[in-house]
Every structure is written in structure tokens, then in C-alpha cells.
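Top line first, the protein sequences correspond to chains A and B. Under this note's numbering, residues 2 to 293 are what the first sequence spells out, in order. Under this note's numbering, residues 72 to 434 are what the second sequence spells out, in order.
Simulated from the structure, these hints should not be mistaken for lab results. Glycine included, each C-beta is placed from N, C-alpha and C at the ideal position. Mixed in with the good hints there might be a few duds.
Claimed, not checked - List time: in silico BS3-like cross-link candidates among lysine-lysine, alpha-carbon distance up to 27 Å: (1) K290/A with K322/B; (2) K185/B with K290/A; (3) K239/B with K206/A; (4) K206/A with K290/A; (5) K322/B with K423/B; (6) K287/A with K202/B; (7) K201/B with K287/A; (8) K202/B with K239/B; (9) K185/B with K206/A.
As the list claims (entries may be wrong) - Label-pair ranges, simulated between beta-carbon atoms: (10) L379/B with S284/A: 54 to 62 Å; (11) T213/A with K239/B: 21 to 29 Å; (12) A235/B with L270/A: 48 to 56 Å; (13) L270/A with E199/B: 30 to 38 Å.
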Amino acid sequence: MNTSARAKNRNFRWGLLFFLAPVCLWLFLLIVLPHIDLLIMSFRAENDMGDMVWSLSNYRNFFEEPVYWLTYVRTAIYSVLVTFLTFCITLPLAFYITKVVCPRYQGFLTILLLMPFWVSELVRVYGWMILLRESGVVNHFLLKIGLLNQPIEMLYRDTTMVLGLVYTSMLFMVVPLISVLESLDDSLIEAAHDLGANTWSILFKIIIPHATPGIVSGSIVVFMLTLGNYLTPNLMGGKNSLWFTEQIYNQFIASFNWNQGSAFGFLLLIISSLIVWLGLTLSRQKLGKVVQ
Amino acid sequence: MKIDLSVQHVTKTYADFTAVDDVSFQVETGRFFSILGPSGCGKTTLLRMIAGLSEPDSGKIEIRARDMAGIPPNRRPVNLIFQNLALFPMMDVAENIAFGLHRRGEGKAVIHKKVSAILERVDLAGFETKKIEQLSGGQKQRVAIARCLVLEPAVLLLDEPLGALDLKLREQMKVELKKLQAKVGTTFVYITHDQSEALVMSDHVAVMNQGVFQQMDTPQNLYNHPRTPFVARFVGDNNAWAGRVNSSDGKTVSIETNDGFTFQVLSDQSFQPGEPVDLFLRPEAMLIQPDEAIADLNRFEVVVKSLLFDGANSRLLVNPLKTGTELLIALPQNRQYDYVRRDDKIEVGWAKTSGLCFPKIET
Ligand SMILES: Nc1ncnc2c1ncn2[C@@H]1O[C@H](COP(=O)(O)OP(=O)(O)O)[C@@H](O)[C@H]1O
Ligand SMILES: [Mg+2]
Chain A
2 MNTSARAKNR NFRWGLLFFL APVCLWLFLL IVLPHIDLLI MSFRAENDMG
52 DMVWSLSNYR NFFEEPVYWL TYVRTAIYSV LVTFLTFCIT LPLAFYITKV
102 VCPRYQGFLT ILLLMPFWVS ELVRVYGWMI LLRESGVVNH FLLKIGLLNQ
152 PIEMLYRDTT MVLGLVYTSM LFMVVPLISV LESLDDSLIE AAHDLGANTW
202 SILFKIIIPH ATPGIVSGSI VVFMLTLGNY LTPNLMGGKN SLWFTEQIYN
252 QFIASFNWNQ GSAFGFLLLI ISSLIVWLGL TLSRQKLGKV VQ
Chain B
72 MKIDLSVQHV TKTYADFTAV DDVSFQVETG RFFSILGPSG CGKTTLLRMI
122 AGLSEPDSGK IEIRARDMAG IPPNRRPVNL IFQNLALFPM MDVAENIAFG
172 LHRRGEGKAV IHKKVSAILE RVDLAGFETK KIEQLSGGQK QRVAIARCLV
222 LEPAVLLLDE PLGALDLKLR EQMKVELKKL QAKVGTTFVY ITHDQSEALV
272 MSDHVAVMNQ GVFQQMDTPQ NLYNHPRTPF VARFVGDNNA WAGRVNSSDG
322 KTVSIETNDG FTFQVLSDQS FQPGEPVDLF LRPEAMLIQP DEAIADLNRF
372 EVVVKSLLFD GANSRLLVNP LKTGTELLIA LPQNRQYDYV RRDDKIEVGW
422 AKTSGLCFPK IET
């Protein structure tokens, strides 16, 4: 009996290995291996003779050149801001869809919300550009009704870029929020109201504590996608609003300096891990639980 | 006596469906008032209007003589215990109870003192830091009650709070709740579909059906003098026996049942001869093999179909001789009737005063 149990155990272990093997292989080949290569590359640079040697100069360049680390800090701060704004906009939206609207229209409204995401990000960003550029729809309209005397350039500003980033991120926040709010029992809100709570205390004492796992998981996704976004900051922010991914792109593609680009890539990885860790600690959530 | 809660001609309609239809009642300070009715009769709807979670379409609700129209639930001096209790799972027991006190902006020390005092009162002393999911059904119950009582509301509203408990615990909580109410002296408005809960605990009971109050009375009167056929059927067990009126003189009614028995019933209502009626007989109103010497009994013979043993609540299921009508008769477990067997033919008798007769309603 003992041997058969052991045999079964061994079978189970082989089965597990069989199913996990492709996943592990995939993780190793596509994630671990390239990153190890990038890490090695980031610590190598040409010396005066033009030979490749171990060096910290790629990282030193980052700290010595203000435009690099300023863009870096800017990107991080704006990503946090975009995440926060996305949350502020989608929470009422998700609440409205799950709790206020008659259940018959819930599915319809959710689909309406997801609609824009059926077209690619590139098309969506061009949509915004058509609206906002100097000869665009908004300017045309404002000129017509006499609010403006001459068209103004609304693109290529930080505000526009943040707007575009929030718009792009909304989906990833609203879906976890809807699912977490759906699991909130209406009677908890009513009980809080009955016990003397006003709208704000209901929001901060009942809704947000209940929704925390959804908020954190949505925020992590939005934050990481925003931090690593290239298209929207590049098109809507233009030359005035630099994003760190553009620096990485420039190093890899324009300067063909892969070593410098790798160092930047690692710095981006470090800040994103750091901020996600900070967020999890502050909200007292476990990554494993949030991801579920 | 001071009136804590006064509900006047309150009506609530959902689409084309009237959930609460012109309901009026008053509850005096310190009373235990119950609303008893089958599921879906509009009890929760009525309670939610008192709590302010929905507004009546018409009518007026006054609490301690103050009109409540337009006052949101967080500013009404009533608290509601929800059907599912609605304890906050993200907080521990003490935070749950302190929730309302915090909203009022009371000081930390005061809150702490009040929370321990109320926990003591509901026999949960020392449970402050327990999580909600660690509590048993009965303990959750008491936390929900404590969470409301700590706010010292004018009226405590309870929406079938014992519904989720198992039978044994429910019996126990019934008594505890009654004792607690007597101890704290708060006015309770309690809704339930369980007639025994209503009868055991209440000073007054209103029986509700399809949005309408059928009768409002003391538990004893509801049981002994139901005023409508619905109340007769719903409160306690009753046998209904269809028949027609032979004659009626404003005091005694002579009824011939559809299967041919003739009975005399005392009733101060008068009926037209030939009018279809329902005769209601409680199981315990019928005596098995009554003494020949007792005069003025309606007597008839029945065949025992089965013995339904249920301890003190045992019954006989019988057919009156040569008919298919089924009647339930109380079978006292005092060994006097141990001889009764299935298919026996026995005589049954009941006093004129213990039958009730109502005009037949089509259902
Ligand atoms: N929000 C609502 N919309 C439409 N009908 C409702 C709503 N709430 C309750 N009802 C209906 O009103 C009736 C009474 O409900 P309720 O007050 O919950 O009954 P009870 O508590 O006595 O079981 C039910 O038939 C129910 O279907
Ligand atoms: Mg109900």
C-alpha cells in the first residue's frame, strides 16, 4: 500500500511536470533569457580603445545627463497620476453600472464601454488627434461659436498626453472594478446609510475597503501599461512631453547603443517594481491575492 | 402613552403592482410590535419605508411625532436589522458596533465604553477583536442587534432576523430577543412569516396579506378571535370545512356542510340562508370521544386515517364518516387515547363557541 501511494505520488509529480514544462520553457526562453542578456549588456561599454569591457558607464550616463533622469522621474510621476485619475474616473462609472442602473442595461452599458477597445490603440490615438489638432474638430467648433478668435494647438501638451493615457487605460481599471463591485452586497451600503453614514463615509468605509483588491489589481495593470506605453506619449505628447520609453527607443534604434538602452530598460523595470511594491505595501494587499 | 411610530395610510406601488396598500398603525413606546404575513406580502417594503430606504407613494410616517417625509435614513432615529444582517465583513466586531457612533462623531473613550457595555448586554463580552466570519449564526445575530441598539434608536426595526438560524437556535433566540427587548425597553417593530415568533414575542401583532393589514390585535385575540378567514387560516392551524347556512338569528348559525353534516355555531354576524360559508375548527377544539354528559356539543363520527405523532403536537388525520373531507384533530399525549388505531371509528365533538364561520371567499 505504501509503495502504491508512493507510485501515485510520483505519477502526480510527472503529470505536474508535463503540464508545467511548456510554461517554464516559455518563461525561460522569452523572459528570463533575454533579460539576462540585457542585464549583461547594460554593464558593458566600449572603452577608449573601442573594446567592449565591463563598466558602469551606462548607468553613470543616466545620472549625469539631467534629461535622462528628469524624463525618468517625470514618467514615473505621470504614470502614478494617470493611474490615480483613471481610478477616480472609473470608480463612479463602475458603481453606476453595477449598482444604480437597472440590471437589464448593465450588459449593454459594459459593452458600450468596451467598444472603443475593439479598434487598435493607434487608430484611437489618431481619433483624438483629429479632434484636438489645430485644424481639428474642437477648434473648428470653438471658432464657430466665437469662443476663440484663432485656433490653438491642443496637442503636444502634458494635459493632452495624460488625457490620452487615461483614455487608453480605462478598460483595464473598469473591468476589475465592475467585477469587485458586483460582489458587494447592496444591503451593506444600505446598512451603513441606516447607521448614519453619509455618501463620503459609505465610499471610504464600505465601498473602497471592499473594492481594494480590484482597485489594486486594476492599478497595477494600468500603471505598468502606462509606464511602458510608447505610442500615446509619442503621438499626443510630441517633442514637448518626453516619455522614458522614447529614450529607450532612441538608444536602441536611433543611436544604436544597445548597451545604454539595456541600462534604461533595467532602470524602468526597477522603478515599476518599486512603485508596485510600495502600492501593495500601502494598501496591505498580497500580490497573489490581488492577481486572482 | 407616548406614540413612537405612527404610520398613516401608507401605499407603495412597483410598476403596476401594489406592494403596500393603505397601511396604518401606531406603536407605543416600549412595545414589541410584530407584522406577520406570508413571504412576498410587502413586509420588507413597509419596513424599508419606515427606515427611509425608500419613500412611500402616499401616506405619512411619523417617528416620535416628527414627520419623516424627505428625511434620509442616516438622519432618522430608527435602525434596521436586515434580513441577511448586513454585518460589515471588512471590520471586526467592535468596529461594526462602533460604526454608527463614529458617524455621530463621538469621542474615542465614549465609543469604547459604549461598545463594551452593549457587548456585555448581548452576552458577547470580550468579542471586540473577533472577525465577522469567525462568529456563529447566533452570535452574528447578536452583533447585528448590538450594532443598532448602541445607537439608542427610538424604534428598532427587525426584518426576519431569525430566518437564517436553525430550529433549535431560533427557539432559543426567540426567548432571548423578548428578554432583551424587555431589558432595554426600546420599541421593536419585528416582521416575520413565522406565526410562532410573532405570537411568542409580541405585545401586538398585525397580520398582513397582499399589502393589506388584515387584523391588528394581541396574540391571544388573533388566535381566539380571528376576524378574517385569512387570519383564521394563517395564525395557528385550522380545519376549513365548506358548507352553507341553514338559518341564522344573529346569535347562532346553523350550518350544513357540503358533505351533509349539520352544526350549530355561535356568531354575532348574521348570514343569509343558503349563503356559502367556511367553517373553521381548530384541531384542539375537537374532543375525541367526549363524555355523553356534556350537553350542547356538535357531535359527529369519523374514521381515523392516520396517527401523526409529533410529541406534544400530535394529531389524528381523520375523515368524517362516508366523506373524503380531511380534518386534523389534536391528540393529547396523556395516554388517555392510546387505544386509538388506524381505521377505528370514533366520535368527535366540539363546542358551539369554538367554531368560527366566515362567508366563503373564492380563492
Ligand atoms: N424593487 C422592487 N421592484 C418591484 N417589485 C418589488 C420590489 N421589491 C419588492 N417587490 C415586490 O413586492 C412584493 C413584496 O415584497 P417584500 O416587501 O420583499 O415582501 P416580504 O418581505 O413580505 O417577503 C413582492 O411581490 C416583490 O416581488
Ligand atoms: Mg422580506
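Hints versus structure:
A hinted pair counts as satisfied when its Cα atoms are at most 27 Å apart, and K290/A with K322/B does not qualify at roughly 75 Å. For the given pair, K185/B sits about 36 Å from K290/A by alpha-carbon distance, which is inconsistent with the 27 Å threshold. A hinted pair counts as satisfied when its Cα atoms are at most 27 Å apart, and K239/B with K206/A does not qualify at roughly 36 Å. Taking the CA atoms of K206/A and K290/A, the gap is about 21 Å. The hint holds against a cut of 27 Å.
Distance restraint check for K322/B and K423/B: the Cα-Cα separation of roughly 11 Å lies within the 27 Å cut-off, and the hinted pair is therefore satisfied. For a cut-off of 27 Å, the pair hint linking K287/A to K202/B stands: about 19 Å separates their Cα positions. The suggested pairing of K201/B with K287/A holds, with an alpha-carbon distance near 22 Å, which does not exceed 27 Å. Using a Cα cut-off of 27 Å, the hinted pair K202/B and K239/B holds, with the two alpha carbons roughly 24 Å apart.
At roughly 21 Å between alpha-carbon atoms, K185/B and K206/A fall within 27 Å of each other, so this suggested pair holds. For the pair L379/B and S284/A, the supplied restraint of 54 to 62 Å holds, since their beta-carbon distance comes to about 60 Å. Range check, T213/A to K239/B: Cβ separation about 38 Å, and the 21 to 29 Å hint is violated. At roughly 51 Å, the beta carbons of A235/B and L270/A sit within the given window of 48 to 56 Å.
Range check, L270/A to E199/B: Cβ separation about 45 Å, and the 30 to 38 Å hint is violated.
Of the numbered hints stated above, those contradicted by the structure are hints 1, 2, 3, 11 and 13, listed in ascending order.
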